[in-house]
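Number of protein chains: 2
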Amino acid sequence: MKRSDSWPSMDWKPDPSQPLPLYQQIELYIRQKITSGEWAPGTLLPSQRTLAQSMGINRSTLVSALDNLTAAGMIEGRHGGGTYVCSLDWNALPVREIPNWEEASEEGSYYPNLPEVQQINRSEFQPGIIRLGTGELAPELMPHDEFNEILLTLSRRSHSLNYLEPQGSLELRVALSTYLQTQGIQASPASILIVSGSIQALHLVSVGLLPRGATVLLEKPSYLYSIHAFQSAGLKMGGIPLDDEGIQLTELSQASNRAFKQGNFPLLYTIPSFHNPTGNLMSTQRREELLATAYTTGCSILEDAAYTDLWLDEPAPKPLKALDLEGRVLHMGTLSKAVSPGLRLGWLVGPEPVIRRLADIKMQTDYGTSSLAQEAAAVWFADGYHERHMDRLRPELRSRRDCMLELLQRYFGELAQWNIPRGGFYIWLQLTCAPLSIRRLFQMCLDRGVLIHPGYLYNRLDQEHIRLSYAYCTPEQMEQGLVILAETVRELLSSVEK
Amino acid sequence: MKRSDSWPSMDWKPDPSQPLPLYQQIELYIRQKITSGEWAPGTLLPSQRTLAQSMGINRSTLVSALDNLTAAGMIEGRHGGGTYVCSLDWNALPVREIPNWEEASEEGSYYPNLPEVQQINRSEFQPGIIRLGTGELAPELMPHDEFNEILLTLSRRSHSLNYLEPQGSLELRVALSTYLQTQGIQASPASILIVSGSIQALHLVSVGLLPRGATVLLEKPSYLYSIHAFQSAGLKMGGIPLDDEGIQLTELSQASNRAFKQGNFPLLYTIPSFHNPTGNLMSTQRREELLATAYTTGCSILEDAAYTDLWLDEPAPKPLKALDLEGRVLHMGTLSKAVSPGLRLGWLVGPEPVIRRLADIKMQTDYGTSSLAQEAAAVWFADGYHERHMDRLRPELRSRRDCMLELLQRYFGELAQWNIPRGGFYIWLQLTCAPLSIRRLFQMCLDRGVLIHPGYLYNRLDQEHIRLSYAYCTPEQMEQGLVILAETVRELLSSVEK
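Sequence order for the protein chains is H and P. First residue of the first sequence? That's 1 in the working numbering, and the numbers climb one at a time after it. First residue of the second sequence? That's 499 in the working numbering, and the numbers climb one at a time after it.
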């Protein structure tokens with residue numbers, strides 16, 4: 001318990017020029033200290049004399065404030081003297097007195113992130129943690145000098161600080177139209193919507209195109225099981241298994257037919273190139289067959305091309321959108337994976353009625369993506385930064401991939417098996433040893449300073465996978481992290497055997 | 499009808515290296531031309547020989563493609579020769595053949611913008627239009643040189659291109675905490691969430707804190723009737739009338755009690771300073787009484803401070819958040835009105851559980867606001883740009899306000915009455931002449947190159963108001979626009995009298 005004589009001298013005083021009476025200002029001040037947790041339950045307050053003196057007020061004014069706080073159950077006088085901060089059950093207070101935000105927070109229509117995802121989001125900012133699963137380029141792989149050059153370029157020209165067009169900056173959409181052409185996609189600027197990262201594209205498609213209750217088909221496992229873009233819009237998800245060539249079409253066709261029978265508009269969300277989390281690359285043949293299946297079953301496709309540029313051995317087959325005869329494919333891309341996630345810049349390509357509709361909804365949710373980010377991205381594509389960056393990045397990423405594969409060989413030969421990704425960030429490590437609790441493994445690793453992404457984030461029932469990423473850690477951290485991971489697996493195994 | 503001899507020479511050819519057969523590529527190409535509207539219905543195609551030659555293919559390959567297009571009802575041969583693009587009712591096609599995106603677009607759970615709002619959003623980008631109602635600073639009032647300076651500063655330092663913390667850049671939150679203190683608000687960085695403009699804050703509160711079916715109380719008229727942040731989250735809106743001092747508390751207290759009886763968590767959305775669209779300024783006394791009413795009726799408050807810094811005669815009274823003893827007020831601010839809407843940068847201040855919950859949802863909708871925008875905003879506040887800009891902006895805006903008031907006196911003396919706003923952007927013009935159709939007035943003005951914001955956008959039943967803004971037009975445009983508006987009103991009146 002904190003003694004009052006240990007209080008630092010208080011420099012706060014109520015301000016007589018404010019409209020609130022002094023005693024209410026004092027009450028407010030102390031309430032905030034308590035509710036913010038700065039004055040924790042059990043804290044002994046300084047004496048009334050000390051407080052009144054340091055605040056430069058009459059003791060009677062102070063007493064009014066303290067009386068109110070006592071009545072509200074926030075502080076209490078104890079036998080033997082002294083005033084203490086109560087340990088209060090805020091949730092037990094009648095809602096009319098204090099808005100019960102915690103409870104309100106439970107009530108919204110949006111699902112909270114999974115606890116592990118929240119924990120991962122927070123842990124990623126803990127200094128010193130080894131991020132073995134982070135789906136993000138390491139800072140040293142990002143184009144810092146290039147962005148400084150771009151900022152310098154931007155600082156020398158005039159730009160719009162006003163709202164931009166609903167679909168986003170025309171300059172950027174023109175640059176993207178040219179860029180998409182290099183991937184075989186014919187997209188006029190009118191068929192492109194600029195979004196704040198591809199997660200926003202998912203969100204817009206969810207709330208803009210699909211009725212509540214509809215089912216979205218997607219690979220199982222998929223990145224999307226770890227977020228709630230679809231569920232929060234009241235959509236269901238139907239998982240379709242993968243094989244080495246990509247998504248399995250018999251299952252897709254059955255699920256699509258089922259959706260139709262239920263009166264739904266079937267939509268497949270897919271990451272055909274360097275899939276998250278499995279690293280899977282859909283073959284050219286499977287892509288063509290997928291489009292044929294979509295055609296015959298009436299299914300539309302939302303193609304996520306986040307990792308397409310990140311090929312390591314040879315370029316990925318043409319995107320589904322490039323093969324699309326029917327305006328059946330919506331195509332989304334982003335700078336987050338290959339360039340900079342912090343920029344929050346992505347795009348969605350599709351038939352103009354869809355793009356206009358989603359642009360309208362985007363205006364209602366954030367009134368467009370930051371003009372600064374859009375201008376920087378326009379220069380990024382138009383001035384050739386993108387290609388030069390990719391040319392430099394690929395060998396770096398390839399050597400990190402090879403390093404991780406070598407380390408896995410060394411430390412996981414008996415424990416697991418894995419794919420050899422031909423691009424993207426991910427190795428989908430399958431623990432082949434005796435079954436163990438991945439949930440415990442996650443927590444134990446975290447306690448040891450290693451952050452992994454458990455497979456059940458991508459498939460609720462998964463009990464044997466871990467998503468590894470070679471994009472974030474240095475080779476040294478990779479080794480350190482994998483050694484700790486292997487040790488922890490062994491430890492869990494031996495505790496299971498006992 | 500376009501004649502085939504008038505076709506420009508076609509430079510497109512199918513690519514044999516692509517996985518798709520040539521005839522499918524041709525089919526795709528022509529389909530896209532037709533669905534994009536580039537080849538409009540009724541267009542006469544070049545002859546098969548010309549097409550085959552220019553595409554460098556066998557005529558039989560071309561015929562396969564044309565046959566498929568004919569079967570799909572997209573082109574047709576006519577008696578007397580020639581192949582024409584059909585005028586197709588796309589919506590009549592069976593959904594299994596072409597995804598009916600138009601129909602899908604109607605199905606999403608998100609409401610489209612009101613037709614007038616969509617029209618306004620589009621018209622604002624028509625060159626030459628006089629924007630008499632635009633709630634945005636004119637480009638010449640925006641701090642262009644200062645942003646170029648900031649970009650130069652940023653180009654010389656290192657920055658994060660990675661994802662930022664869920665609540666936003668700490669540097670910016672620290673700078674905002676200091677800025678908020680100048681407004682009397684004590685907010686630690688942990689109680690601040692960076693958002694992409696205040697419309698996103700509304701969206702997050704809607705989906706994060708309130709259950710579907712709950713009622714949000716708000717001023718009537720209000721900015722919020724023109725967008726769907728609340729309705730799209732399944733919330734109802736309950737309007738509370740305004741008087742000269744601000745929102746009317748008897749009505750608020752009744753509505754709040756009603757909400758409670760229905761088992762809802764009552765929340766009031768309010769713009770106490772320089773209200774949109776009325777320019778209303780809530781008095782100090784009304785603010786205090788509002789908090790007392792909120793306290794006794796258990797209502798929480800979402801305070802929108804977008805216009806607070808834009809006082810013209812004297813600073814606005816302290817924000818509600820500065821008077822809040824209970825953690826009952828969520829406070830939102832933005833750079834969009836006083837600085838730059840294109841930057842898309844705002845903030846939400848509130849109890850930490852709320853902020854954490856909403857940060858989690860924000861991560862799911864866009865994974866945070868652009869780091870570039872956040873860095874620029876941090877420099878903007880930390881290096882004193884904000885205060886200097888406001889000091890320069892106020893006299894400019896004041897003189898535009900005075901100019902508009904003078905013009906109203908000159909041209910609308912017999913037609914209307916209006917308030918004298920003490921800050922913000924808006925004059926709420928009430929047509930006091932005989933009733934007329936504001937809807938027709940809007941369209942007629944638009945045809946004459948003048949864009950007004952009809953009052954019914956802010957209150958569905960309103961038939962007599964127009965929101966004018968003195969922030970966007972130059973004095974010359976203001977006069978031109980108001981003269982046209984007055985003439986159009988008179989014309990409508992005389993047609994009514996007849």
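Incorrect hints may appear among the rest.
With a cut-off of at most 30 Å between alpha-carbon atoms, the simulated DSS-like pairs for lysine-lysine come out as follows [unchecked claim]:
id: 1; chain 1: H; residue 1: K13; chain 2: P; residue 2: K759
id: 2; chain 1: H; residue 1: K33; chain 2: P; residue 2: K734
id: 3; chain 1: H; residue 1: K261; chain 2: H; residue 2: K236
id: 4; chain 1: P; residue 1: K734; chain 2: P; residue 2: K759
id: 5; chain 1: H; residue 1: K13; chain 2: H; residue 2: K33
id: 6; chain 1: P; residue 1: K531; chain 2: P; residue 2: K511
id: 7; chain 1: H; residue 1: K236; chain 2: P; residue 2: K734
id: 8; chain 1: H; residue 1: K318; chain 2: P; residue 2: K816
id: 9; chain 1: P; residue 1: K511; chain 2: H; residue 2: K318
To spell it out: a stretch of chain P is covered by chain H in this simulated footprint if at least three of its residues, at any positions, have a beta carbon under 8 Å from a beta carbon of chain H; those stretches are [as the list claims (entries may be wrong)]:
id: 10; segment: 552-558
id: 11; segment: 627-641
id: 12; segment: 852-861
id: 13; segment: 870-881
For the record, the hints were derived by calculation from the structure and aren't laboratory data. No residue lacks a Cβ here, since even glycine has one placed at the ideal position from N, Cα and C.
For each hint, the structure was consulted:
Annotation: proposed proximity of H:K13 to P:K759 is violated, straight-line Cα distance about 41 Å (limit 30 Å). Distance hint between H:K33 and P:K734 is unfulfilled; the C-alpha atoms sit about 36 Å from each other, more than 30 Å. A distance of roughly 15 Å separates the Cα atoms of H:K261 and H:K236; the hinted pair therefore holds under the 30 Å criterion. In summary, the hint linking P:K734 to P:K759 is supported, as the alpha carbons are separated by about 16 Å, within the 30 Å threshold.
Among the hinted pairs, H:K13 with H:K33 is consistent with the structure: their alpha-carbon atoms are about 14 Å apart, no more than 30 Å. For the hint linking P:K531 to P:K511, the alpha-carbon distance of about 14 Å falls within 30 Å, and the restraint holds. Under the criterion of a C-alpha separation no larger than 30 Å, the hint pairing H:K236 with P:K734 is consistent with the structure, at around 25 Å. Of the supplied pair hints, the one linking H:K318 and P:K816 is violated, its CA atoms being roughly 59 Å apart against a limit of 30 Å.
Restraint check for P:K511 and H:K318: the C-alpha separation of about 17 Å stays at or below 30 Å, so the hint holds. Coverage of the segment 552-558 of chain P by chain H is violated [criterion: at least 3 residues with CB-CB distance below 8 Å; count 0]. Requiring three or more residues with a Cβ within less than 8 Å of a Cβ of chain H, the coverage given for the segment 627-641 of chain P holds, as 5 such residues are present. Interface restraint, the segment 852-861 of chain P with chain H: holds (5 residues with C-beta to C-beta distance below 8 Å; minimum three).
With a cut-off of 8 Å between beta carbons, the segment 870-881 of chain P has 3 residues touching chain H; three or more are needed, and the interface restraint holds.
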